[in-house]
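Student: Let the hints inform the model, and build the full structure from the sequences given.
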Amino acid sequence: MKQINAFLTLQYVCLAGITAVPLIIASIISNEFKRLLPAIADIFLLGLILFVLAVTVITEISAVGKVRRLLKSGDAEKAVKMWKKMKLVSIPFYIINFIICIAFAPISFPISVVLIPLDYILCRVMIVLSGIAGIKVIAADKNDKIRPIHYVFQVLPVFDIISVLILRKRISA
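Numbering-wise, our numbering comes out as the position in the sequence shown, counting from 1, plus 87.
Hints listed in this document are in silico derivations from the structure and should not be mistaken for laboratory results.
With a Cα cut of at most 27 Å, we get these calculated BS3-like pairs of lysine-lysine:
(1) K153 with K172
(2) K165 with K153
(3) K89 with K165
(4) K172 with K159
(5) K229 with K168
(6) K165 with K256
(7) K256 with K171
(8) K172 with K229
(9) K159 with K171
(10) K165 with K229
(11) K89 with K171
(12) K168 with K153
(13) K171 with K153
(14) K159 with K256
(15) K256 with K172
(16) K223 with K256
(17) K168 with K223
(18) K256 with K153
(19) K229 with K159
Tutor: So, in structure tokens, the structure goes:
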């Protein structure tokens with residue numbers, strides 16, 4: 088559970104960083120660029136945000152590995168709890184992230200053309216990684232009727248949450 092808690096915490100820290108990125112880049116491009124120290128501080132802050140994003144994805148990969156190991160060792164109940172927590176506690180992150188992207192797109196127009204697709208890719212990677220944990224959990228379950236469609240749902244935004252909500256009663260934990 089430590090990996091899941093660390094991932095979820097880092098995910099919300101990333102939300103603050105993602106919110107700040109358009110403002111930081113605008114600050115670098117603006118007239119303040121003539122002052123060397125603020126620009127260096129902004130670049131350092133961007134680097135720090137990128138580092139936290141990378142650590143978040145690595146932590147999620149570690150959490151997915153933990154779910155897989157728990158399933159192999161026969162501790163399906165704990166694996167299911169981790170998977171559900173990974174999916175369900177992330178819902179506000181994706182909603183707030185979407186709202187932030189919509190709000191900042193017009194404000195930081197030229198920059199948003201690059202940043203919004205990058206943000207989408209980051210969120211997509213997070214959904215696919217947690218979906219892999221879901222696929223492992225579904226595959227470990229003995230109920231063959233639920234498998235095929237839920238495998239696909241686990242890697243599709245919004246449908247992954249619908250799938251978890253449908254399966255929460257069918258899969259033990």
